[in-house]
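Each protein sequence line maps, in turn, to chains R and L.
Numbered per the numbering used here, the first sequence spans residues 3 to 253.
Numbered per the numbering used here, the second sequence spans residues -15 to 303.
Calculated from the structure, these hints are not laboratory results.
We treat Cβ as the ideally placed atom computed from N, Cα and C, and that holds for glycine.
Among the hints, a few may not be true.
Pairwise CB distance ranges (calculated) [claimed, not checked]:
1. Gly25/L - Gly27/R: 51 to 59 Å
2. Ala236/R - Asp62/L: 27 to 35 Å
3. Ile100/R - Gly17/L: 49 to 57 Å
4. Gln7/R - Ala107/L: 20 to 28 Å
5. Gly25/L - Ile100/R: 32 to 40 Å
6. Ser119/L - Phe128/R: 49 to 57 Å
In silico BS3-like cross-links for lysine-lysine, where the CA-CA straight-line distance does not exceed 30 Å [unchecked claim]:
7. Lys173/L - Lys84/R
8. Lys173/L - Lys19/R
9. Lys103/L - Lys173/L
Which bits of chain L does chain R cover? Going by a derived footprint, with three or more residues having C-beta under 8 Å, they are [unchecked claim]:
10. 34 to 48
11. 79 to 85
12. 157 to 169
13. 264 to 272
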Amino acid sequence: MNGWQTLLYKESLRFWKVAFQTIAGPVLTAMLYLLIFGHALEDHVKVYGTVSYTAFLVPGLAMMSLLQNAFANSSSSLIMSKVMGNLVFLLLTPLSYIHWFVAYVGASVLRGLIVGLGVFLVSLLFTSVDFVAPLWIVLFSLLGAALMGTLGLIAGLWAEKFDQLAAFQNFVVMPMTFLSGVFYSIHSLPVFWQGVSHFNPFFYMIDGFRYGFFGVSDVSPWLSLAVVGGTLLAVSLAALQLLRSGYKIRS
Amino acid sequence: MAAISFQSVSKAYPSPKSAKSSDPGRTFLALDGVSLDIEEGEFFGLLGPNGAGKTTMISVLAGLTRASQGRVNVLGHDVQSDFAAARRSLGVVPQELVFDPFFNVRELLRIQSGYFGIKNNGAWIDELLENLGLSDKAGANMRQLSGGMKRRVLVAQALVHKPPVIVLDEPTAGVDVELRQTLWQFIAKLNREGHTVLLTTHYLEEAEALCGRIAMLKTGRIVALDKTSDLLKAASSNVLRFKLDSELPRSLAEQARITGRIVQFPAHDALEIERYLAAVREAGLVAQDIEIRKADLEDVFLDVMTQNKDSVHSQGVRA
């Protein structure tokens, strides 16, 4: 392994060593959502006319877990290393800012995919889901995880204390994921909130992802692809710039 | 080629006071035009009181901090523009006792080797563990180790890539005698094998015993730079030392170095010694355990620091 591969390996090993907390925990949480909301709403809500509510919920929950965990991986790893001071061992190496970026985002993508897949597989115990367009599923999984891993990288660099990171998670990531159409189709919303949802990049990640399963979505998957791809590009450039300038890690 | 070269290096931080004031241009100079060349194979000591800029110098050298002015090279590699080569040449033992709680000792050393692109480093890692007395801790998680053991791991981590230049920032702070012995034996061995060593420490007897050349730093400036032997020669040659149960009169106390009951006067000749003893007697005090010893590095250090006292005010904070 060369330098950046080692960092990718180390970042992956880090979450793997506490898999009970980083993988099993989020899968269980998603299952609780599925059981409770599925039970309460299954007989009352049909989406896109034909899709059962539980089946509709599965891709949304899988994607939500994937996104949240991709974010959590890079952000919590960085803030811990900063607070504990062991980031210095990485700062002393010849790794470039591009190596840092690839490794941190790569490990986040990996954790996001594992958790998302875990949620999906376990939920198959409760319902069956179609795969109309699997390529879209793979594509949006990768882009969504990369986007959130990169956002986590930025948040981890920016935050100086755990509570700042928690604030970012609770006041930005959580509301945006919950209001993105995980639990509902935005067509069921009043027109005003439909409009607001269109400004939420999370909506496009989940909508595009869901298209892969049902072949139906609130907006065209191509539009979702463009929005998610564009956002990923923008946050990646921002993250690379922060890493290059040593923002809050090299004075 | 110099192993380490500082050329007119300054580092300014925003002054904590001026953050509130209306004058944003005021900065605090942690390093003020430091120039220093350390040759390959040297065992070099960097001394200075807390806040003198020792750690800032090391941070600039290691690329943890960027110099505001000047250039720093490691074996000819600029630490900014050619950082990868510079960092490959450099092994830094940080001052803070930091560790990664997710991994055990061997995993950490393997990972650290990997960052430098080194594969199959097992033999060298074993040698490091052996030499630092860590062999039986290889499988232990970092959280389970005592402070001294964590310190040894820090040293091992800094050396995984066999750096030709080794930097130790107060490696023996809060460390027991046994580890100090083990550590210095190992570092001295590496130095004999050709590694350049840069050491900062507060233990002046260590610096005197180990370092061939010494720089003393004060408020960001080098105030003394010489061979250890020449520094010792230039200092007042003797020290009068005795114990006292009561307090010295103020006029005498100002010239002395007092540590609890121990009183020490710098003295150049027998006459001076007699004069001090007479003054003590006249004050009605009884000096016990009187001895005269050669000046050591601590005396030189205190000399240099007091001589440069006046300059503190003029350069601490600058516009």
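Evaluated hints:
1. Gly25/L - Gly27/R: 51 to 59 Å: At 54 Å between Cβs, range holds.
2. Ala236/R - Asp62/L: 27 to 35 Å: holds (33 Å)
3. Ile100/R - Gly17/L: 49 to 57 Å: Because 34 Å falls outside the window, the suggested range is violated.
4. Gln7/R - Ala107/L: 20 to 28 Å: holds (22 Å)
5. Gly25/L - Ile100/R: 32 to 40 Å: holds (35 Å)
6. Ser119/L - Phe128/R: 49 to 57 Å: 52 Å Cβ-Cβ, so the 49 to 57 Å window holds.
7. Lys173/L - Lys84/R: At roughly 34 Å apart (the allowed maximum being 30 Å), Lys84/R and Lys173/L break the hint.
8. Lys173/L - Lys19/R: violated (37 Å)
9. Lys103/L - Lys173/L: holds (25 Å)
10. 34 to 48: Contact hint for the segment 34 to 48 of chain L vs chain R: holds, 4 residues under 8 Å.
11. 79 to 85: holds (count 5)
12. 157 to 169: violated (count 0)
13. 264 to 272: violated (count 0)
Figure legend: structure checked against the earlier numbered hints; hints not met, in rising order: 3, 7, 8, 12, 13.
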